[in-house]
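Enquirer: Residue numbers (the numbering used here), protein chains in the order written: chain A, 1 to 149; chain B, 1 to 149; chain C, 1 to 149; chain D, 1 to 149.
Be aware that a few hints might be false.
Computed, partial: chain C to chain A, Cβ under 8 Å [said to hold, decoys possible]:
| id | residue |
| --- | --- |
| 1 | HIS13 |
| 2 | ARG25 |
| 3 | ASN27 |
| 4 | ASP28 |
| 5 | VAL29 |
| 6 | HIS31 |
| 7 | VAL36 |
Straight-line distance between alpha carbons at most 20 Å, and here's what the computed SDA-like set of lysine to any residue pairs gives [said to hold, decoys possible]:
| id | chain 1 | residue 1 | chain 2 | residue 2 |
| --- | --- | --- | --- | --- |
| 8 | A | LYS106 | A | GLU12 |
| 9 | D | LYS106 | A | PHE66 |
| 10 | A | LYS106 | D | VAL68 |
| 11 | D | LYS7 | A | LYS7 |
| 12 | C | LYS7 | C | ARG89 |
| 13 | B | LYS7 | C | LYS106 |
| 14 | B | LYS7 | C | VAL121 |
| 15 | A | LYS7 | D | GLN129 |
| 16 | C | LYS7 | C | VAL121 |
| 17 | B | LYS106 | A | PRO21 |
| 18 | C | LYS106 | D | ASP52 |
| 19 | C | LYS106 | D | ILE20 |
| 20 | B | LYS7 | C | PHE66 |
| 21 | D | LYS106 | C | ASP52 |
| 22 | B | LYS106 | B | ARG10 |
If you're looking for bench data, these hints aren't it; they were derived computationally from the structure.
All residues carry an ideal CB built from backbone N, CA and C; glycine is no exception.
Residue strings, one per chain:
Number of protein chains: 4
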Amino acid sequence: MGARNAKQERREHYQHQRQIPTRWRDNDVYHHINNVIYYEFFDTVINGYLMDAGGLDYRAGDSVGFAVETHCQFLQPVRFPEVVDACLRVGHLGESSVRYEIAIFKAGEESAAAVGYFVHVFVDRQTHQPVRIAGRLRRAVRALQMPER
Amino acid sequence: MGARNAKQERREHYQHQRQIPTRWRDNDVYHHINNVIYYEFFDTVINGYLMDAGGLDYRAGDSVGFAVETHCQFLQPVRFPEVVDACLRVGHLGESSVRYEIAIFKAGEESAAAVGYFVHVFVDRQTHQPVRIAGRLRRAVRALQMPER
Amino acid sequence: MGARNAKQERREHYQHQRQIPTRWRDNDVYHHINNVIYYEFFDTVINGYLMDAGGLDYRAGDSVGFAVETHCQFLQPVRFPEVVDACLRVGHLGESSVRYEIAIFKAGEESAAAVGYFVHVFVDRQTHQPVRIAGRLRRAVRALQMPER
Amino acid sequence: MGARNAKQERREHYQHQRQIPTRWRDNDVYHHINNVIYYEFFDTVINGYLMDAGGLDYRAGDSVGFAVETHCQFLQPVRFPEVVDACLRVGHLGESSVRYEIAIFKAGEESAAAVGYFVHVFVDRQTHQPVRIAGRLRRAVRALQMPER
Numbered sequence: 001m002g003a004r005n006a007k008q009e010r011r012e013h014y015q016h017q018r019q020i021p022t023r024w025r026d027n028d029v030y031h032h033i034n035n036v037i038y039y040e041f042f043d044t045v046i047n048g049y050l051m052d053a054g055g056l057d058y059r060a061g062d063s064v065g066f067a068v069e070t071h072c073q074f075l076q077p078v079r080f081p082e083v084v085d086a087c088l089r090v091g092h093l094g095e096s097s098v099r100y101e102i103a104i105f106k107a108g109e110e111s112a113a114a115v116g117y118f119v120h121v122f123v124d125r126q127t128h129q130p131v132r133i134a135g136r137l138r139r140a141v142r143a144l145q146m147p148e149r
Numbered sequence: 001m002g003a004r005n006a007k008q009e010r011r012e013h014y015q016h017q018r019q020i021p022t023r024w025r026d027n028d029v030y031h032h033i034n035n036v037i038y039y040e041f042f043d044t045v046i047n048g049y050l051m052d053a054g055g056l057d058y059r060a061g062d063s064v065g066f067a068v069e070t071h072c073q074f075l076q077p078v079r080f081p082e083v084v085d086a087c088l089r090v091g092h093l094g095e096s097s098v099r100y101e102i103a104i105f106k107a108g109e110e111s112a113a114a115v116g117y118f119v120h121v122f123v124d125r126q127t128h129q130p131v132r133i134a135g136r137l138r139r140a141v142r143a144l145q146m147p148e149r
Numbered sequence: 001m002g003a004r005n006a007k008q009e010r011r012e013h014y015q016h017q018r019q020i021p022t023r024w025r026d027n028d029v030y031h032h033i034n035n036v037i038y039y040e041f042f043d044t045v046i047n048g049y050l051m052d053a054g055g056l057d058y059r060a061g062d063s064v065g066f067a068v069e070t071h072c073q074f075l076q077p078v079r080f081p082e083v084v085d086a087c088l089r090v091g092h093l094g095e096s097s098v099r100y101e102i103a104i105f106k107a108g109e110e111s112a113a114a115v116g117y118f119v120h121v122f123v124d125r126q127t128h129q130p131v132r133i134a135g136r137l138r139r140a141v142r143a144l145q146m147p148e149r
Numbered sequence: 001m002g003a004r005n006a007k008q009e010r011r012e013h014y015q016h017q018r019q020i021p022t023r024w025r026d027n028d029v030y031h032h033i034n035n036v037i038y039y040e041f042f043d044t045v046i047n048g049y050l051m052d053a054g055g056l057d058y059r060a061g062d063s064v065g066f067a068v069e070t071h072c073q074f075l076q077p078v079r080f081p082e083v084v085d086a087c088l089r090v091g092h093l094g095e096s097s098v099r100y101e102i103a104i105f106k107a108g109e110e111s112a113a114a115v116g117y118f119v120h121v122f123v124d125r126q127t128h129q130p131v132r133i134a135g136r137l138r139r140a141v142r143a144l145q146m147p148e149r
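Let the sequences and hints guide you as you build the complete structure.
Expert: If you want it as structure tokens, here you go:
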């Protein structure tokens, strides 16, 4: 996804949305939300969705999702106390891995402040060996795929 | 404020309230919101209020609030994805300092998950010398004082 | 511990010391290490010591330490990329609880940049009921108590 | 840089190195350093270097570096209290932008735990318009470029 396409992302290109208010601590010395924090937004919208819709149980579930690759492009600064919408879709669903695509929009704005992706591999909690994404979790992830455009 | 009193704190004992959703990253190895994060809640409810109601301008204002003392008692664990209400009142307002009292309630619960305080000293941005809290900022802080009970 | 005493704290008043470099993200909009981060330093020096000297196993141990109360006074600002020494002693050791006292010194400075305390209660990992601090862990905590002055 | 190449990265492929100890708070619910934290390491090694070698002054300098794109692949888990080496080189230096490449190695290990990149655009602090990287800062960045292999 190039910088040009990133600017054309809209909320309706995503299946799921979570509102996240910024915090005082998110701002850095340049008075913007620090780049690191966008990945907190990614983690939050992804795992929040998986817990709600897919039955992910981070405390006792047999399989857990490990991050293997993440990426973000920063297009517009965000500042505390702004509120963002973290928008989520699935770009690719494999046997044991998922590639999520995320866009961050400031409340009331049409074009994205940031866009990125995040790849999860699901592994056995004990052995750390990849496991097939199955059942309710797979249905929840599949529901984040966009219809062909 | 002793542990016994802390458990008797209610939302109506506070003048201002801000809803803060937890984030995935707030959880620690024991699957609870880490103790450090409560202070992010404190900073957020205090500075958010001062910006909205008191005209605090962290980017260009002449005076800024420095933390000089903070404290928290942890009464009930909170976990992602729970949402908390951060409740705020002012316990003492001096010439250049304010002592805020904060309680954190989980959504839907009556007794506090944590209670604490936070002392700000307002200083000149350049010289770091204490300055009198005045005008709109003083009115906003005073509005957080509770009537005598 | 009052503000006056806090300024008189010296490294030799503490039994254990851990060097912690600051990070870019620790700085806040006022170009200082944010107040929240000092509690990251507290957590790090305490749990690091308990793991090294007391056999604390956060992944699989039967008992775990929950924070029940924390406090900090901020005396001198610290900025990235400064390095701090987090100094640790035990003020009180009960059956299942420990009160640690911590001071943060900037490298090369004699008086503390911050002083605080942190109270742990040790509980059973499953039931969350308090358990007696025993064996190697108790010996490690006791070794942090200062001789009478 | 594909996953295969990532595993072949060695410390000697980088011009600069900074040791960063992990903190208790870096661990997440799965008992590993959370993915977000690697970007704190990136920010720290990059800005630390620019301050030391390039005269970057985040408090008062005319130009500041804004993150425009970041990326990370996670190859091996890291846990508190492990210490990492954050290794830095420059992959591309443009008029106003720099693409840094970073690898994170656990102390004592030969292959990287994570590899990534980070793109800075230098802008005027007031107008946020891109400015040419010049003088001491340009020399410092150029010194991070690797000789042709």
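Enquirer: Under the criterion that the straight-line Cα-Cα distance not exceed 20 Å, is the pair LYS106(B), PRO21(A) satisfied?
Expert: holds (17 Å)
Enquirer: CA of LYS7(B) to CA of PHE66(C), is that 20 Å or under?
Expert: Roughly 18 Å between the alpha carbons, so the hint for LYS7(B) and PHE66(C) holds.
Enquirer: Decide if the proposed pair is consistent with the structure: LYS106(C) and ILE20(D), CA atoms, cutoff 20 Å inclusive.
Expert: The hint holds at about 17 Å.
Enquirer: Hint check: LYS106(B) vs ARG10(B), CA-CA at most 20 Å. Holds or violated?
Expert: holds (12 Å)
Enquirer: Verify the proposed pairing of LYS7(A) with GLN129(D), using a straight-line Cα cut of 20 Å.
Expert: With Cα atoms ~19 Å apart, LYS7(A) and GLN129(D) stay inside 20 Å; holds.
Enquirer: Measure nothing beyond the straight line between the CA atoms of LYS106(A) and VAL68(D); if it is 20 Å or shorter, mark the hint as holding.
Expert: holds (17 Å)
Enquirer: Would the hint on VAL29(C) stand, with a C-beta cut-off of 8 Å toward chain A?
Expert: holds (5 Å)
Enquirer: Given the hinted pair LYS7(C) and ARG89(C), is their alpha-carbon gap at most 20 Å?
Expert: holds (17 Å)
Enquirer: Would you check the hint for LYS106(C) and ASP52(D), treating anything up to 20 Å between C-alpha atoms as holding?
Expert: holds (18 Å)
Enquirer: Just to be careful: measuring from the Cβ of ASP28(C) to every Cβ in chain A, is the smallest value less than 8 Å?
Expert: holds (7 Å)
Enquirer: For LYS7(D) and LYS7(A), compute the direct alpha-carbon distance and say whether it is at most 20 Å.
Expert: violated (33 Å)
Enquirer: Are the Cα atoms of LYS7(B) and VAL121(C) separated by 20 Å or less?
Expert: Given that 20 Å is the threshold and the Cα spacing comes to 18 Å, the pair holds.
Hint compliance for this structure: hints 1, 11, 13 and 16 are not met, and every other hint is.
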